[in-house]
Amino acid sequence: MAPQTRKAAIVGGNRIPFARSNGAYARASNQDMLTATLDGLVARFGLQGQQVGEVAAGAVLKHARDFNLTRESVLGSRLSAATPAYDVQQACGTGLEAAVLVANKIALGQLESGIAGGVDTTSDAPMALNEDMRRVLLAVNNAKTLQQRLSALAGIRPGQLVPEVPRNAEPRTGLAMGDHAAITAAEWEIGREEQDELTVRSHHNLAAAYDRGFFDDLVTPFLGLTRDQNLRPDTSVEKLAKLKPVFGQGEGATMTAGNSTPLTDGASAVLLASDEWAAEHDLPVLAHLVDAQTAAVDYVHGGEGLLMAPAYAVPVLLARNGLTLQDFDFYEVHEAFASTVLATLKAWESPEYCKEKLGLDAPLGSIDRAKLNVHGSSLAAGHPFAATGGRIVATLAKTLHEAGPGKRGLISICAAGGQGVVAILES
Amino acid sequence: MTRTVLDAPPAMPALFARAALTARGRGGDLPDTRLARVGVEVDPAHLADYARVCRFPLADSLPVTYPHLLAFPLQVALMTDRAFPLALPGLVHVRNRIEQLAPIGTGSALDVEVWAERFATHRSGATVDLVASVRSGGDEVWRGRSTYLARGASAPEGAPEADVEVPVGEVERVSARWRVPDDAGRRYAKVSGDVNPIHLSGLTAKAFGFKRAIAHGMWVKARGLAALSGRLPDAVSVDVGFRKPLFLPSTVALATSPVDGGWDWAVRGEKSGVEHVVGVVRPV
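Top to bottom, those sequences are chains W and R.
Using numbering that gives the first Met the number 0, read the first sequence as starting at 0 and increasing by one per residue.
Using numbering that gives the first Met the number 0, read the second sequence as starting at 0 and increasing by one per residue.
These are computed hints drawn from the structure, not numbers from a lab.
Keep in mind that this is a model prediction, so the values were computed, not measured.
Warning: the hint list may mix true and false statements.
What the hints assert, rightly or not - Simulated restraints, written as ranges between beta carbons of each label pair:
no.: 1; chain 1: R; residue 1: V163; chain 2: W; residue 2: G48; range: 31 to 39 Å
no.: 2; chain 1: R; residue 1: T203; chain 2: W; residue 2: R156; range: 52 to 60 Å
no.: 3; chain 1: R; residue 1: R23; chain 2: W; residue 2: G48; range: 49 to 57 Å
no.: 4; chain 1: R; residue 1: P88; chain 2: W; residue 2: R156; range: 31 to 39 Å
no.: 5; chain 1: R; residue 1: V4; chain 2: W; residue 2: K370; range: 56 to 64 Å
no.: 6; chain 1: R; residue 1: T250; chain 2: W; residue 2: N320; range: 54 to 62 Å
no.: 7; chain 1: R; residue 1: S174; chain 2: W; residue 2: E401; range: 40 to 48 Å
no.: 8; chain 1: W; residue 1: V139; chain 2: R; residue 2: E40; range: 42 to 50 Å
no.: 9; chain 1: W; residue 1: N320; chain 2: R; residue 2: G137; range: 28 to 36 Å
no.: 10; chain 1: W; residue 1: D131; chain 2: R; residue 2: A22; range: 34 to 42 Å
Said to hold, decoys possible - Rough simulated footprint, nothing fancy, chain R against chain W, three-plus residues with beta-carbon under 8 Å:
no.: 11; stretch: 30-37
no.: 12; stretch: 74-85
no.: 13; stretch: 220-229
Even glycine gets a Cβ: it sits at the ideal position worked out from N, Cα and C.
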């Protein structure tokens with residue numbers, strides 16, 4: 000075992016442009032997209048035929064046949080077939096969690112290099128057999144005699160032909176994620192206009208980053224797409240103001256299809272390594288993954304918002320690293336919904352919340368909004384659940400690298416199930 | 000030489016019907032004719048269908064065998080023309096060679112040209128090569144050569160000897176088992192347009208002397224290459240020999256062996272060991 004730990008380097012990343020659901024990638028499977036993304040990373044860093052220490056990636060919406068999705072993607076890619084791989088799933092935190100897992104193994108000296116990634120499709124989504132039908136067919140399969148089989152088959156009803164379609168809803172509450180977010184938005188009194196302003200900034204920042212070529216070495220075109228399909232460079236607060244709310248009820252409803260992320264298809268991957276491995280391979284080090292933290296909240300019975308867990312994870316991470324919320328040059332707060340970002344920031348500013356919920360003597364305080372999601376985030380790019388972490392890690396690492404050595408960035412990602420994953424990167 | 004540019008791919012069912020009706024009374028040498036299409040764009044939905052049937056990943060470049068689908072209807076049109084000396088029914092695809100000189104992007108506009116050449120003498124008849132050349136932006140990116148055997152036919156005086164032997168080495172190590180279902184021919188017919196009745200059902204196959212429907216050779220070739228996804232050179236030649244028919248349904252074994260930066264491979268009956276397809280993949 001290594002006598003001491005080291006910080007894992009982020010060498011670079013690759014993703015395919017994110018497509019709107021049933022858009023450009025309507026026919027692509029998770030495996031197609033993850034394989035293409037890995038191959039793009041391989042091409043970018045000259046890894047053809049090479050063995051990487053490990054590949055960790057995952058998908059949130061996964062077919063049963065894709066139980067070994069990441070390994071299967073590696074086998075179909077140009078990486079050496081001797082590269083081990085495993086699947087990770089932590090809802091929207093999957094991509095960042097995968098990066099943390101790979102970084103930790105590098106930190107411990109168990110790996111010299113690794114790839115973290117994620118992929119999701121809402122177009123080629125799995126459908127399950129109707130639960131009643133599934134039970135009938137299991138009984139048929141287990142039947143030993145013709146008579147048993149026939150009697151089991153007699154249990155079939157026409158209504159059982161309707162399959163179970165995956166829904167973006169919490170199993171325990173039956174509420175869509177947007178419904179949950181709308182409750183939090185109302186509790187924190189997040190206004191429509193500030194949500195729309197944040198959304199416009201996301202689109203404008205992402206468009207500007209594309210225009211100046213920032214994504215040239217982070218994105219590889221796929222199936223005819225060269226930019227994220229959801230990106231609206233010319234959107235404005237006036238245009239967004241025309242949209243009708245889709246989540247929340249009555250007068251107080253503020254969340255629209257504009258200031259909520261759309262269903263999206265896409266994949267991302269990040270190459271991590273020890274500094275030595277990067278140097279041996281003549282590859283750059285954009286930044287290091289310094290530390291990470293997860294948290295979870297009881298959104299079912301505990302009165303906390305579904306997407307508020309990052310609010311809890313960040314103070315723990317800051318304390319362990321002797322930092323304040325203001326000690327960062329860039330913040331990447333995943334825009335599940337514009338209201339989620341704003342509620343989280345407001346929570347950190349609230350003395351009551353920080354004292355009562357987070358157990359802090361003083362609030363974390365506010366952040367300089369000019370440092371927030373400077374190259375756009377999920378509202379503009381879209382959010383293929385498991386692919387978002389890889390998008391953010393690579394984008395922030397490059398942002399820090401461009402800003403020069405010694406710069407620090409904070410990543411905060413909320414996830415279904417009331418969870419959150421946060422991390423610190425440093426150039 | 001006459002070169003005809005077609006605006007659209009010819010309708011294959013009509014061509015197969017015409018081929019059956021005009022089978023008699025053919026002869027002479029190969030026509031000096033070329034058929035072409037220019038600026039062909041790949042339909043993404045069709046590409047996705049093809050990829051699923053052959054198990055290729057959906058990626059940003061075309062599967063090595065995909066351009067054959069663009070050339071094949073033109074080749075059938077050439078073969079069903081009255082000037083073609085051999086009758087299409089009864090022609091057996093015995094060898095297929097592809098050279099991909101560079102990966103072909105799915106968004107490329109492709110110029111496709113086909114012709115027939117190398118009328119050759121074979122111990123049990125005559126062979127002819129249907130050739131295809133595919134260009135992108137003026138550069139040739141893909142070449143295909145399908146060798147067909149016409150049993151009992153004779154090549155013109157002075158014709159060369161047929162060239163049907165694929166130089167494949169020993170391939171013993173089984174790397175995959177495929178259960179090929181009885182609708183494999185219908186599924187491939189749907190995406191390839193190759194509606195030759197011998198592939199479609201037992202009944203239609205019997206009418207042409209086969210005991211059951213048989214798999215398309217080009218499907219077996221494609222599936223073999225799909226199994227090597229991620230392990231093929233960008234510039235690659237794939238030479239495949241079609242040996243014994245693969246009757247549907249069947250369980251077959253794919254054997255592969257790395258050779259000279261490429262692969263030798265074979266598809267055989269899992270139990271019978273009957274050799275259906277052998278292949279040689281090499282970097283070019």
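Outcome of the hint check:
no.: 1; hint: V163/R to G48/W: 31 to 39 Å; verdict: 34 Å, holds
no.: 2; hint: T203/R to R156/W: 52 to 60 Å; verdict: 38 Å, violated
no.: 3; hint: R23/R to G48/W: 49 to 57 Å; verdict: 55 Å, holds
no.: 4; hint: P88/R to R156/W: 31 to 39 Å; verdict: 50 Å, violated
no.: 5; hint: V4/R to K370/W: 56 to 64 Å; verdict: 59 Å, holds
no.: 6; hint: T250/R to N320/W: 54 to 62 Å; verdict: 59 Å, holds
no.: 7; hint: S174/R to E401/W: 40 to 48 Å; verdict: 46 Å, holds
no.: 8; hint: V139/W to E40/R: 42 to 50 Å; verdict: 47 Å, holds
no.: 9; hint: N320/W to G137/R: 28 to 36 Å; verdict: 58 Å, violated
no.: 10; hint: D131/W to A22/R: 34 to 42 Å; verdict: 56 Å, violated
no.: 11; hint: 30-37; verdict: holds (count 4)
no.: 12; hint: 74-85; verdict: holds (count 6)
no.: 13; hint: 220-229; verdict: holds (count 4)
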